[in-house]
Amino acid sequence: MRVELQHISKSFGRVWANQDLSLTFEGGQIYAILGENGAGKSTLMKILSGFQSADSGQIVVDGQAVSFEAPTDAIEHGIGMLYQDPLDFPPFTVLENFIAGRPGGFFPDRQAARGILLDLAQRFGFDLDPDAYVDSLTIGERQQLEIMRLLSLNVRVLILDEPTTGISAEQKAQLFDVLKSLAHDDGLTVILVSHKLEDVIELCSSAFVLRQGRLVGQQQIPCDISTLVAMMFGKIVARQERPMSDLGDCVLHAERISLETRRLVVEDVSLDVRAGEVIGLAGLDGSGQNELVRVCCGLLRPDRGAVHIGGREMTGQPYHRFVKHGVAFLPAGRLEEGLIGGMTLTEHFALTLPSRAPWVNWIRARRTAGERIERFNVKGRPGSPIQTLSGGNQQRFALSLLPSNLRLLLLEHPTRGLDVESAMYIWEQLLRRREEGTAIIFISAELDEIVAYSDRILVFFGGRVTLVDDRADMTADRLGELIGGRM
Amino acid sequence: MDALASTLRGIVRAAAPIVIAAQGELITERAGVINLSLDGSIMLAAMTAHVVARTTGSLVQAVLAAMAVGAAVAFVVVFSSIALRLNQVAVGFVLTILCADLAIFLGKPHFNQPGREIPTVPIPILEDIPILGPALFRHNILIYFSLILVVVLTLYLYRTRWGLTLRSIGEQPAAAFVRGTPVNPLRYVYTLVGGSLVGLAGATYSLSVKLGWKEDLAGEGWIALAIVIFGLWMPWRVMLGAYLIVGLRSIAINLQDSNTIDLPAQIINMLPWFLMIVTLLIATSGVLHRLERFTPERFRPTVHRFLRAAPPRAMGTTFEKH
Chain D
1 MRVELQHISK SFGRVWANQD LSLTFEGGQI YAILGENGAG KSTLMKILSG
51 FQSADSGQIV VDGQAVSFEA PTDAIEHGIG MLYQDPLDFP PFTVLENFIA
101 GRPGGFFPDR QAARGILLDL AQRFGFDLDP DAYVDSLTIG ERQQLEIMRL
151 LSLNVRVLIL DEPTTGISAE QKAQLFDVLK SLAHDDGLTV ILVSHKLEDV
201 IELCSSAFVL RQGRLVGQQQ IPCDISTLVA MMFGKIVARQ ERPMSDLGDC
251 VLHAERISLE TRRLVVEDVS LDVRAGEVIG LAGLDGSGQN ELVRVCCGLL
301 RPDRGAVHIG GREMTGQPYH RFVKHGVAFL PAGRLEEGLI GGMTLTEHFA
351 LTLPSRAPWV NWIRARRTAG ERIERFNVKG RPGSPIQTLS GGNQQRFALS
401 LLPSNLRLLL LEHPTRGLDV ESAMYIWEQL LRRREEGTAI IFISAELDEI
451 VAYSDRILVF FGGRVTLVDD RADMTADRLG ELIGGRM
Chain Z
1 MDALASTLRG IVRAAAPIVI AAQGELITER AGVINLSLDG SIMLAAMTAH
51 VVARTTGSLV QAVLAAMAVG AAVAFVVVFS SIALRLNQVA VGFVLTILCA
101 DLAIFLGKPH FNQPGREIPT VPIPILEDIP ILGPALFRHN ILIYFSLILV
151 VVLTLYLYRT RWGLTLRSIG EQPAAAFVRG TPVNPLRYVY TLVGGSLVGL
201 AGATYSLSVK LGWKEDLAGE GWIALAIVIF GLWMPWRVML GAYLIVGLRS
251 IAINLQDSNT IDLPAQIINM LPWFLMIVTL LIATSGVLHR LERFTPERFR
301 PTVHRFLRAA PPRAMGTTFE KH
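Same order as they appear, the protein sequences are chains D and Z. Under this note's numbering, think of the first position of the first sequence as 1, with each following residue one higher. Under this note's numbering, think of the first position of the second sequence as 1, with each following residue one higher.
Derived from the structure by calculation, the hints contain no laboratory data. None of these values were measured; they are calculated from a predicted model. Any given hint could be a false lead.
Not the full set, but computed from the structure, chain D residues with beta-carbon under 10 Å of chain Z [claimed, not checked]:
1. G63
2. D73
3. M81
4. Y83
5. Q84
6. P91
7. I99
8. G104
9. G105
10. F106
11. F107
12. F124
13. R149
14. L151
15. Y319
The following label-pair restraints were derived from C-beta to C-beta distances [as the list claims (entries may be wrong)]:
16. Z:V60 - D:T388: 33 to 43 Å
17. D:V60 - Z:R290: 46 to 56 Å
18. Z:I131 - D:D129: 47 to 57 Å
19. Z:I253 - D:A112: 46 to 56 Å
20. Z:T317 - D:I363: 38 to 48 Å
21. Z:T317 - D:A112: 57 to 67 Å
A few chain D residues that don't get close to chain Z, going by computed Cβ distances all over 12 Å [said to hold, decoys possible]:
22. L87
23. R102
24. S136
25. K379
Glycine included, each C-beta is placed from N, C-alpha and C at the ideal position.
All chains, please: the whole structure from these sequences, using the hints.
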């Protein structure tokens, strides 16, 4: 089956999630859709699977233009999608999940459905008890169930969104065998949405790379992992040489941090940061960068390891204690975590300014808001609700809220979604803080940003880190290899 | 023997409206909508049934009118949630107060007037079974309905495709949507069905259990709401919860009359609520989960099925595809 996406565009508000994307998928092949968070992969696949509709463009299946109002329309045309968070019903049994959505009579034929399920399970070597409850299964097993359900509905194009996140190595090997067999023996089209390059290289024959909603190109595989990295992250500008400012005392001493989350195991990460130093955290999304940053400000508690701030052991202490000791954290979710949607700029200052009085000193809050708005060049009025500001102005405002003498500033994607001018402004402010002796640790998906501003780089891969402190290693090829998991 | 049979009969009878209302709310919540207006809508429906029965003389019309009232109130809840994006809890609270006051205001002329009663229809042969016969088979049609409803609803939820769909939209509406289920239309349908059952519960009060229209129905709706939680959203357990509460209540009244034990009736009246909190604590604390680990492998699925307890995950939320 041949599926073509022609000139697909989709926007959310002012942001283009997909801009004029044209891709063709042939039967019997395994494709990868590559791109960083926010590159538009998920949106495109939701359009192809009928979950969302495109603003413009069309989908052509075997030469016929089709339009999907709902996922069931896509399934009728043989296109089925496995969502990243399994869309199933945890309190139901495996069999009930399999039956839900299958055509049939008022009283479902459980025996027949059980037969189909067991036949499919046998073919693929899945070990699933039809009477087990889904909430007792692993993510990998829930995926297997969903794959069998889609195949039983005669799906010819199988889309998988980040299927290897949160499953065991054996399950991954089994999944890949099944996908290869489906493509090569049955002639199905398999589309893998991923940002795990090693999976893509292992499984796929061709990759489409998206960046900021646009198609960067199609790359035949096998190829070098760094070729894919370069396509995903864009060109790397040369590093700006700048005088190394004098480094001060050790500000952060993180020792053998280990922790386990639902999706990831972070192991033995150690890091020493001195005053005035800028550390860039690179790596594909979800490789452990966010966990490390959150451990360093007390938002996550490590399973093992210790965090010292300014020579004082702070492991396991709450966030506000870290704040007291001069640590600040600007999360990527500006309106979700960093600022308070619905509150005005003045109200933010009223909340932030230190005060022991039980009442709010509105005069001071308004005056400070006015001053900082001017100083940080925020386009907004003291009385504007924060969500009415643009992303760049929100980020400037978030910076203006920080206290002046910080020891350590942690940032997640400080310039994500900002235009070039705003990004430059943000970095001007950050570098000024660096001159004042604040140590900065930032996460970024833009390699050129990391290379341009970092004194040292920590590259994350699957919860493990490699420290890059030699200038000579700060090149696209070397970092690309590290990000892709080659040592 | 006779005393036991008549006590059981009294419990089945007195609990019937709570059983019906709670099953209605169970259907609603299973579909993902929470209708908090029960307390007021039961009163309004009870008053309506009483007044319609008195003025038209038709019990059928009285029952239908009460069901229509319950469905109308439920419609306000589901419409304001899906179409107007209002908070279901807030709307439910407001409706509770509004309906209760409306019932008192509109029912004033008919207050304490003799009500009409639905005739008792004993079922031949079955009524002669010792104890169970009188307890279950000497009632009127609404009480029978409360028993049949539990059986039918259990079969519907767990044995039919539509029941599976009903559970799926309250659990994970996005997954139901992907499988081709019209989530929001079905939420309308089930909320209206649930609401009409709540109205029927009101009619069961004024035409059978507490004849006539008085204001002492206030509080019954909250009990029904609490019992849905206590019964962990399963028809059988919800019914047992209703019988437990009504049983304890009648014990409290008997104690008060007999003066044998010097225990304030309020203490016994409090017992069911205390039990409810303990049940919820056990259900959510993970103790049950640990208990499962000690059961032999063979019985584990059975034990799991019996102990599993979780509210419909999407209850009180709205669904729209992004």
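Next item on the list: State the violated hints by number, sorted upward, taking the hints as numbered earlier in the document.
Entry: 1, 5, 12, 14, 15, 16, 18, 21, 22, 23, 24
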